[in-house]
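Undergrad: Chains as they are written, first to last, in this note's numbering: chain A, 1 to 337; chain B, 338 to 674; chain C, 675 to 1011; chain D, 1012 to 1348.
One or more hints might be untrue.
Pairs of lysine to aspartate or glutamate, DMTMM-like flavour, derived with a Cα cap of 25 angstroms [to be verified]:
| hint | chain 1 | residue 1 | chain 2 | residue 2 |
| --- | --- | --- | --- | --- |
| 1 | A | Lys-56 | D | Glu-1270 |
| 2 | B | Lys-629 | A | Glu-169 |
| 3 | D | Lys-1215 | C | Glu-1000 |
| 4 | B | Lys-340 | B | Asp-391 |
| 5 | C | Lys-730 | A | Asp-164 |
| 6 | B | Lys-629 | A | Glu-117 |
| 7 | A | Lys-56 | C | Glu-863 |
| 8 | C | Lys-878 | D | Glu-1133 |
| 9 | D | Lys-1094 | D | Glu-1133 |
| 10 | A | Lys-51 | D | Glu-1337 |
| 11 | D | Lys-1014 | A | Glu-325 |
| 12 | C | Lys-966 | C | Asp-838 |
| 13 | D | Lys-1067 | A | Asp-190 |
| 14 | D | Lys-1303 | D | Glu-1337 |
| 15 | C | Lys-966 | D | Glu-1180 |
| 16 | B | Lys-388 | C | Glu-1000 |
Because the hints were derived from the structure by calculation, they are not lab data.
Protein chains: 4
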Amino acid sequence: MIKVGIVGATGYGGRELLRLLLAHPGVEIVALASTSAGGQRVDAVLPAFRKLIDLKFEAFDPGALAKQCEAVFVGVPGKESMKPVAQLRAAGARVLDIGPDFRLKDTRAFSAYYQVEHTSAEHLPGAVYGLPPWYRNALRDAQLVAVPGCYPISVILPLRPLLDAPLSEIPAVADSISGISGAGRGLKEDFHFPEMNENLKAYKVGAHQHIPEIEQELQHRMQVQFTPHVAPLTRGILSTITVRMREDFDPAPYYACYENEPFVRVLGENQLAEVKHVRGSNFCDFGWVIDKRTKNLVIVSAIDNLMGGTAGMAVQCLNIMFGLEEGAGLDWGGMAP
Amino acid sequence: MIKVGIVGATGYGGRELLRLLLAHPGVEIVALASTSAGGQRVDAVLPAFRKLIDLKFEAFDPGALAKQCEAVFVGVPGKESMKPVAQLRAAGARVLDIGPDFRLKDTRAFSAYYQVEHTSAEHLPGAVYGLPPWYRNALRDAQLVAVPGCYPISVILPLRPLLDAPLSEIPAVADSISGISGAGRGLKEDFHFPEMNENLKAYKVGAHQHIPEIEQELQHRMQVQFTPHVAPLTRGILSTITVRMREDFDPAPYYACYENEPFVRVLGENQLAEVKHVRGSNFCDFGWVIDKRTKNLVIVSAIDNLMGGTAGMAVQCLNIMFGLEEGAGLDWGGMAP
Amino acid sequence: MIKVGIVGATGYGGRELLRLLLAHPGVEIVALASTSAGGQRVDAVLPAFRKLIDLKFEAFDPGALAKQCEAVFVGVPGKESMKPVAQLRAAGARVLDIGPDFRLKDTRAFSAYYQVEHTSAEHLPGAVYGLPPWYRNALRDAQLVAVPGCYPISVILPLRPLLDAPLSEIPAVADSISGISGAGRGLKEDFHFPEMNENLKAYKVGAHQHIPEIEQELQHRMQVQFTPHVAPLTRGILSTITVRMREDFDPAPYYACYENEPFVRVLGENQLAEVKHVRGSNFCDFGWVIDKRTKNLVIVSAIDNLMGGTAGMAVQCLNIMFGLEEGAGLDWGGMAP
Amino acid sequence: MIKVGIVGATGYGGRELLRLLLAHPGVEIVALASTSAGGQRVDAVLPAFRKLIDLKFEAFDPGALAKQCEAVFVGVPGKESMKPVAQLRAAGARVLDIGPDFRLKDTRAFSAYYQVEHTSAEHLPGAVYGLPPWYRNALRDAQLVAVPGCYPISVILPLRPLLDAPLSEIPAVADSISGISGAGRGLKEDFHFPEMNENLKAYKVGAHQHIPEIEQELQHRMQVQFTPHVAPLTRGILSTITVRMREDFDPAPYYACYENEPFVRVLGENQLAEVKHVRGSNFCDFGWVIDKRTKNLVIVSAIDNLMGGTAGMAVQCLNIMFGLEEGAGLDWGGMAP
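The following block holds chain A by itself, in its conformation from the complex:
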């Protein structure tokens, strides 16, 4: 049993990690740290876990965590993991950060999109971007994993294999729609139930912090016009990606790279992904349509933002890091309905 800890398990990403890890056959949760809930029983703060866990939230103590745990997940809000991750690394812990702080290699991009200086930039070169299909080997020995963002997963997985395809140079258009859990548990008028129910909106057009992450993982060979939207559902991201073809081509061979991926399902031409088939699962599904009239290729991908988009992928990274079966604790089909 791999002994793990979670720092920041009361946020939505952290709770999902807790849910997955509690049922994982090869993992034992030995410590949970929380600033807001320190000293309280986990199941008092998170009643969904009553009768499943008998721990208390502790104050954050990097040395103790490093001693107790073989791996530590960090699930604190963006821009707040730089410091604790550095402390955990200094104490010798292997760390999986589900936040954005260690994803961008370029600190100027980080500052530009996150409006803050990176205070632990020395850990960036060693951080492995935790997208298993593209970084599986590096993950085996990773000491610090930057688990990808939810939107980027849904955009990078379909686009990266096409970097050598005959595409136009104009930016891809990625219009993504997300469930509200992606916005986290912080209260905000926009996400008060009566304000968001029966509503649709776009936000941060051309300015979302996932843009540099997507373009980095497309090796800066493709620009992306990324427009995130929210719709009245809790979990799920659907990304519709329109790319312009220089000439007719068949995308299928480019996607052969995913054939043996346990959690990428290439649906094929004229097959469109839906959120319901991936909800509660670690899968990313995608398919496409070639529009001969417009000469565009339109790809539609779907993930569960909390599972395949955050916590599930973090567990998949853990499995790789510790030589467990890659799908251990993750072998769940989509929860439809």
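Could you slot chains B, C and D onto chain A? The hints should help.
TA: Relative to the frame of chain A, chains B, C and D by itself:
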């Protein structure tokens, strides 16, 4: 009081017409025809209208309707209004068709996208496309109005003023998200509550019948990559339209044409429309972002698909046709929450 | 045109009043007061009303309001209307308070359930409980109207006619389910979208402040076990009321009193009300089932909590107070879908 | 690995079983039978399971299933399992039926509530009602398990321990609210998304087929006025149960029986269950309020109707039948959000 009739008032568009017309200060509903509900009391079929209407659904009789009514609304399913509209016109009625049959001037496009021959093509030249900002004069004397489709309204209103702007020739990308009422009341597994709740999907990519309608009203000067989506809400359409600029320009002056439009609200730069502000109203709201990094202009528009997107616009057309105050019966703000 | 003002128009009840009054044929809104939004344009704070209103929110000035307005609606949070209502009354204004402060005649009950002393108790005797079917005459000359609470409307309307029916003395059980707009616009973790979507919960069992209001209007002749619930929808209340019969009887004759009520629809035996038929309307629908096996009568009622449950009923009271047609501005059927 | 089969895996209960069993560490699915989908790949019919299962649906062959499988789950619609279950039993299979056909011992009650004669009544005496806390011993050797209905689970678990408590003899009032997945996947206008979204309704008042099931498991010592409701969510049941006390008493000691139950969580006094804490889990949570004013005890319970209310409980029964760890494959906390 203008005496009106409705043919096909049990569908969602027809019900919404009934709701609006019952409260309209200048209109009296004198007849309702329905194939499925002939002979039944309106409020037995549609309990939402109990204590408001004391009529029965009648069998469709074009001559009687033309005699009783100064205007007849037709709300039957697509491809099924060709015949009754022609009969009503032959009997002398002024007709407002909320379906698609008389919107496309090009019968080949109609056949290609609707998979059926147009059997009343002789009425197409005289049919007025019922989009008041662009056809107000023609509407005054119109004998047959083809009320626009919901998606097209949300795309045409923001794009048409830009036809002379310095835009690239590549197709605009219009990713629209609709509430499920847009799919009508016909039962379908896709829209069974547990299948659609908490789901997101795209459909008819590059093949939706609103494509030729949009491009016709953009005077075939702009191609549109239109991808419709559905999200788990009942009413509302949000359209995100990405167009490529040939050079930097300010869209605001192009939109001055809408300044006095009663139901178009131009929000301006960096202001994004939301469904909640238009729900239950006849408004179309839109704003935009100029992304200097990508050289794209991203416009976001919102309507209530049943009101501003169908029945409300039909009533606005009626008001124009009969010289009533244009906003009569339509002066409702958005229903937030 | 009756000149009216609204104090506190940014809350959900106040917004709905604004929506209704802007479209009301016999009313002109001349002033809006708001503490939080003073000095700002109404349509900047409430974008749903752009192009419909050209006023600014003012600071609360009872004298000015009394001078400008023939009637003033007050829509501030519960326990906060005592003072401004008293000031408006002192300045001579006729007032309609949509909050709870003037509903309970018994100040001890008020203190017990609202945990605060009533500071304007001298206005309680003159306040008219604004439930038109039962207080229509008193409303004509009312200077202060306490518009009923949403839950109470859905429970009192079906129960009050049964006070003389052969019912058992044990308390009625009223299990009500409400949409979340009933909780107001104040942010609360419980009503953060991801917490409330796909959730169901009961709250304030045996302790809700609407209990004394219901029992007062049942003339303290019936006790009610009232359990409110919330479900993931925005608008609507469904109340299921189980009463025990002393002997078999037919409730229909007891409900004959509502035959000419414009906004009460008695559906009859084995007909159950649904929220969708009253959404966006001022109606209260109810029907019932007699369970011979258990000797219970089960009544199910439905309202739109913001319209028939608050703002619509307030407008109906206004219409009565000023001799307008009682249904003016309210003649809307249910918004299904 | 226990070899199991599923008959009728395309319905919502069957799909959930498939989801749970695919991830169960001690179970292997060896056969799936379906009338509607015979011959098709499972993952073609249920795309949520792509990359997880490599089987085809077969025609129903009781002999083959009995030979291949140590246990067969049956998930066909109500009234349709009588025959296949009898055939499976005749062929020697141990059967877990998630439908209602073998729950009621009294065939007259079955006929009265299901409007059909029971054609396999000879199997009723041996059928074990699959509610582990009350039938754990009988389950160990059960050859036929009738998995309880979803509503009954939420009502029986809180009420059965109170049979010896000082309660009044008047019927308990159980007002339950269910998500729509409980209605199954059959299309019905009531559950078309735009009809049910933003709607609330009660149905089958005093006539629901779960009434005799509840009362049987309360040993006919308590009558229940059961009113089921539906609300716009997919999964979950919340039951509010009002019982009248003969005298004051503390329910807590009566619930001590559940202390070691793995999937019953007794929250205690003034703690109310919510669906979000049990969604995606096998738990039944409940708590209560004693209302001294009315002398009623109000209990609120919550389950996930598809997991704790159907498929999860079926797996728990399987675990007991085959001596596996009782929580194997079920150790999931609630999925909030």
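Undergrad: Now tell me, hint by hint, if it's right for this structure.
TA: Results for each hint:
no., hint, result
1, A:Lys-56 <-> D:Glu-1270, "21 angstroms, holds"
2, B:Lys-629 <-> A:Glu-169, "16 angstroms, holds"
3, D:Lys-1215 <-> C:Glu-1000, "36 angstroms, violated"
4, B:Lys-340 <-> B:Asp-391, "15 angstroms, holds"
5, C:Lys-730 <-> A:Asp-164, "58 angstroms, violated"
6, B:Lys-629 <-> A:Glu-117, "24 angstroms, holds"
7, A:Lys-56 <-> C:Glu-863, "22 angstroms, holds"
8, C:Lys-878 <-> D:Glu-1133, "48 angstroms, violated"
9, D:Lys-1094 <-> D:Glu-1133, "12 angstroms, holds"
10, A:Lys-51 <-> D:Glu-1337, "14 angstroms, holds"
11, D:Lys-1014 <-> A:Glu-325, "22 angstroms, holds"
12, C:Lys-966 <-> C:Asp-838, "20 angstroms, holds"
13, D:Lys-1067 <-> A:Asp-190, "46 angstroms, violated"
14, D:Lys-1303 <-> D:Glu-1337, "39 angstroms, violated"
15, C:Lys-966 <-> D:Glu-1180, "16 angstroms, holds"
16, B:Lys-388 <-> C:Glu-1000, "14 angstroms, holds"
Hints 3, 5, 8, 13 and 14 from the list above are not met by this structure, while the remaining hints are.
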